[in-house]
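Peer 1: Chain order of the listed sequences is A and B.
Here the first sequence is numbered in UniProt numbering, starting from 1 and rising by one per residue.
Here the second sequence is numbered in UniProt numbering, starting from 1 and rising by one per residue.
Take the hints with a grain of salt, since some may be wrong.
Because identical chains cannot be distinguished in the list, a pair is counted as satisfied if it fits within a single copy or across any two copies.
Subject to a maximum C-alpha distance of 20 Å in a straight line, what follows is the list of computed SDA-like cross-link-like pairs (lysine to any residue) [claimed, not checked]: (1) Lys109 / Ser224; (2) Lys328 / Pro37; (3) Lys234 / Tyr94; (4) Lys291 / Pro304; (5) Lys109 / Pro225; (6) Lys223 / Gly107; (7) Lys234 / Gly107; (8) Lys247 / Pro322; (9) Lys247 / Thr321; (10) Lys247 / Leu326.
It should be emphasised that the hints constitute simulated quantities derived from the structure, not laboratory data.
Number of protein chains: 2
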Amino acid sequence: MSSQPSHPSLLIPGPIEISDEVSQAMGHYAQSHVGQPFVNTFGETLTQLRQLFQTSNPKSQPFVLAGSGTLGWDLVAANLVEPGEDVLVLHTGYFADSFADCLSIYGAKPTQLKAPIGDRPQLPEIEAALKEKKYKALTVTHVDTSTGVLSQIQALSDLIRRVSPDTLLVVDGVCSVGGEEIHFDNMAIDVCLTASQKAIGCPPGLSITMVSEKAMDVFKSRKSPPGSYYASFKNWLPIMQNYEANKPSYFATPPTQLVQALNTSLKSILSNPISDRFAQHKKVSDYVKSKVKELGLKELASDPANAAHTMTAIYLPEGLTPPEILPKLMSRGVIFAGGLHKEIAAKYIRFGHMGVSITDESRGEVDKALNALKEGLAEVQQAKGQ
Amino acid sequence: MSSQPSHPSLLIPGPIEISDEVSQAMGHYAQSHVGQPFVNTFGETLTQLRQLFQTSNPKSQPFVLAGSGTLGWDLVAANLVEPGEDVLVLHTGYFADSFADCLSIYGAKPTQLKAPIGDRPQLPEIEAALKEKKYKALTVTHVDTSTGVLSQIQALSDLIRRVSPDTLLVVDGVCSVGGEEIHFDNMAIDVCLTASQKAIGCPPGLSITMVSEKAMDVFKSRKSPPGSYYASFKNWLPIMQNYEANKPSYFATPPTQLVQALNTSLKSILSNPISDRFAQHKKVSDYVKSKVKELGLKELASDPANAAHTMTAIYLPEGLTPPEILPKLMSRGVIFAGGLHKEIAAKYIRFGHMGVSITDESRGEVDKALNALKEGLAEVQQAKGQ
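All chains should be built: construct the whole structure from the sequences, respecting the hints.
Peer 2: Written as structure tokens, this is what we have:
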């Protein structure tokens with residue numbers, strides 16, 4: 001039996017449902033942040049993250065900070081780019097605009113490469129842009145939570161290595177890590193930033209980042225000091241290294257219960273081959289998308305090849321809006337999210353399918369959600385006499 | 001019966017023991033950060049904070065962010081001080097050095113006024129400093145967690161209003177809010193920053209700040225943009241205002257479970273007059289200090305008038321070190337902290353007495369700790385043949 005009280009199924013693109021074990025870990029009794037039991041747990045968690053991101057280079061550096069996913073942008077902007085340097089920002093929705101804003105605050109010069117809604121910038125135009133100017137970094141949203149568009153990390157990486165090998169590849173993996181295939185080493189990623197509350201299956205409150213050896217070298221050779229105090233690699237690097245060596249260390253108090261929850265979730269994730277986890281997310285995503293099509297609904301993603309496997313953004317039938325349909329889902333025990341992309345927010349809804357809701361099929365949440373969507377649409381359309 | 005497994009009593013100056021209700025709130029099921037149930041909880045929590053800080057000015061602005069207490073310094077440095085402006089930093093230990101570092105990162109020019117260890121800067125020297133130069137802000141650590149020294153906020157505030165009324169009074173209340181007397185309005189405080197894991201009685205992971213109307217006006221009239229993205233008032237102000245008006249809003253995902261825990265803790269704190277809570281902290285602190293004296297031990301605080309009520313920093317007998325005594329306490333189910341002030345870290349220990357461990361006397365944790373200290377010291381001294 002679940003230890004959590006009965007509640008609607010949270011099927012938005014994060015936060016997501018958490019397992020009973022993770023929920024229990026959140027209620028962990030108070031621990032000293034510098035006492036050996038917690039130090040060992042945090043150390044193990046950092047090592048687990050190496051496995052999750054699939055990096056075996058000991059000089060790859062994990063960071064786990066109290067913060068929202070957004071804090072990962074500050075980590076990149078304040079540590080890896082110096083004032084005046086150019087950054088190429090691939091735009092697939094809401095989050096590129098915000099990342100660009102963040103870069104500007106710290107003095108970088110972002111150039112956005114925008115794709116039409118539902119699409120992603122194409123390799124030839126990215127190649128042309130990279131040849132035009134020297135970019136310190138290229139940022140890409142792996143899964144754009146606002147549109148459900150998936151970007152191709154391997155192809156991007158290949159392009160960068162060929163055309164502009166000094167450019168750092170920065171992957172915003174907030175809605176992808178733990179659900180979409182990421183192989184930090186093989187894909188030659190320099191930064192992959194994420195948050196705890198998406199496909200990793202934890203409550204929100206942790207900013208989680210993996211940084212490559214190359215990016216750490218870039219950081220170490222920067223001329224200006226980091227542009228942030230709380231988000232400074234300089235302040236956190238010795239702390240993370242000490243914790244991973246099971247040595248107590250202090251810069252700011254880590255959120256001990258959230259780290260316990262992350263440790264618990266990662267233990268569960270890593271108890272099976274990570275490739276099985278990616279395959280399960282893909283299988284369920286394909287199923288959801290086929291059912292959405294059966295309902296006569298259209299995805300935002302313009303092509304199956306650029307559709308995420310952790311979520312589906314779905315256009316509503318002409319004339320229907322999220323405030324009409326979402327309560328019908330809620331009355332059936334299902335929570336979806338409304339639109340987030342400013343230009344079309346009133347026209348679509350978002351269904352997050354990641355973590356325990358899809359790895360534990362006995363929960364039956366995916367079919368419950370699809371049925372709720374079908375019935376809810378019918379109810380609204382009937383009421384409107386359509 | 002407690003819902004938390006048996007564990008050693010965490011009596012360090014934060015994180016502290018949490019109540020069963022708070023622990024259960026941490027295990028709250030997943031909620032949408034923009035769904036009405038959580039929006040209402042967050043809104044209520046922000047209003048509760050007005051009561052905790054004792055401000056009735058509707059233009060005082062609470063901020064609750066995912067982050068460690070340290071993030072509060074970035075909030076001040078990135079939003080309220082502009083590059084090149086002077087800040088007077090009152091030094092009572094470790095934390096002033098760090099706050100000064102943070103201010104420098106964002107371009108401010110901190111001037112430290114240092115007191116001897118165990119003491120605090122005196123009003124006449126502060127007055128002289130304020131007359132010498134125009135300071136944008138003065139920062140003071142209300143309770144310095146590294147030394148247990150208490151600063152006098154009311155007297156400081158009176159001085160500032162008299163000598164340099166434009167200077168913002170910034171109180172680092174990380175180890176004080178919820179335990180030491182703070183009256184935001186009466187004391188004319190401009191910023192009071194704190195964290196969740198000290199006298200507020202929550203797990204770590206939340207940065208909590210109250211900002212005065214005057215300070216918000218200073219922010220709104222700044223010439224340069226805020227120096228941080230994640231810690232920007234510009235990004236968070238509309239979010240906090242919307243949540244408090246029970247309207248969904250999004251900049252970055254708040255840590256929903258930690259907010260539930262904070263709401264639960266504040267509900268308990270505010271169910272009794274806040275003055276009773278301060279009195280209870282004072283009563284237990286006086287008791288601890290009298291017992292420490294009975295044991296022949298000396299406090300770091302040079303005078304009872306500048307000793308905190310939320311913690312006690314205790315010099316060990318000559319020749320004894322924290323690594324010798326702390327395990328003896330641990331074997332008796334009590335966790336104290338070692339020294340933190342670099343110059344004397346090996347000579348003292350720290351006892352945090354705040355929150356549920358002292359408001360719920362039936363837990364018996366204070367006497368358990370004092371007995372463990374007495375027995376532990378005797379054991380070490382016997383083993384050393386002293």
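Peer 1: Using 20 Å as the alpha carbon limit, work out where Lys247 and Leu326 are close: within a copy, between copies, both or neither.
Peer 2: Cα proximity of Lys247 and Leu326: across copies only (16 Å, versus 49 Å in one copy).
Peer 1: My question is about Lys247 and Thr321: at a cut-off of 20 Å on alpha-carbon distance, are they close within one copy, between copies, both, or neither?
Peer 2: between (54 Å within a copy, 19 Å between copies)
Peer 1: Between copies, within a copy, both or neither: which fits Lys328 and Pro37 at Cα up to 20 Å?
Peer 2: between (47 Å within a copy, 17 Å between copies)
Peer 1: Within, between, both or neither: how does the pair Lys291, Pro304 come out at a Cα-Cα threshold of 20 Å?
Peer 2: Intra 14 Å, inter 72 Å, cutoff 20 Å: intra-copy only.
Peer 1: At most 20 Å between C-alpha atoms: does Lys223 with Gly107 qualify within a copy, between copies, both, or neither?
Peer 2: both (14 Å within a copy, 16 Å between copies)
Peer 1: Between copies, within a copy, both or neither: which fits Lys109 and Ser224 at Cα up to 20 Å?
Peer 2: Result: close both inside a copy and across copies, 16 Å intra and 17 Å inter.
Peer 1: Check Lys234 against Tyr94 for me: Cα-Cα at most 20 Å, and say if that holds within a copy, between copies, both or neither.
Peer 2: between (30 Å within a copy, 18 Å between copies)
Peer 1: With 20 Å as the alpha-carbon cut-off, assign the pair Lys247 and Pro322 to within, between, both or neither.
Peer 2: between (50 Å within a copy, 16 Å between copies)
Peer 1: Between the shortest in-copy and the shortest cross-copy C-alpha distance, which are at most 20 Å for Lys234 and Gly107: within, between, both, or neither?
Peer 2: both (19 Å within a copy, 17 Å between copies)
Peer 1: At most 20 Å between alpha carbons: which applies to Lys109 and Pro225, within, between, both or neither?
Peer 2: both (18 Å within a copy, 15 Å between copies)
Every hint from the earlier list agrees with this structure, and none is contradicted.
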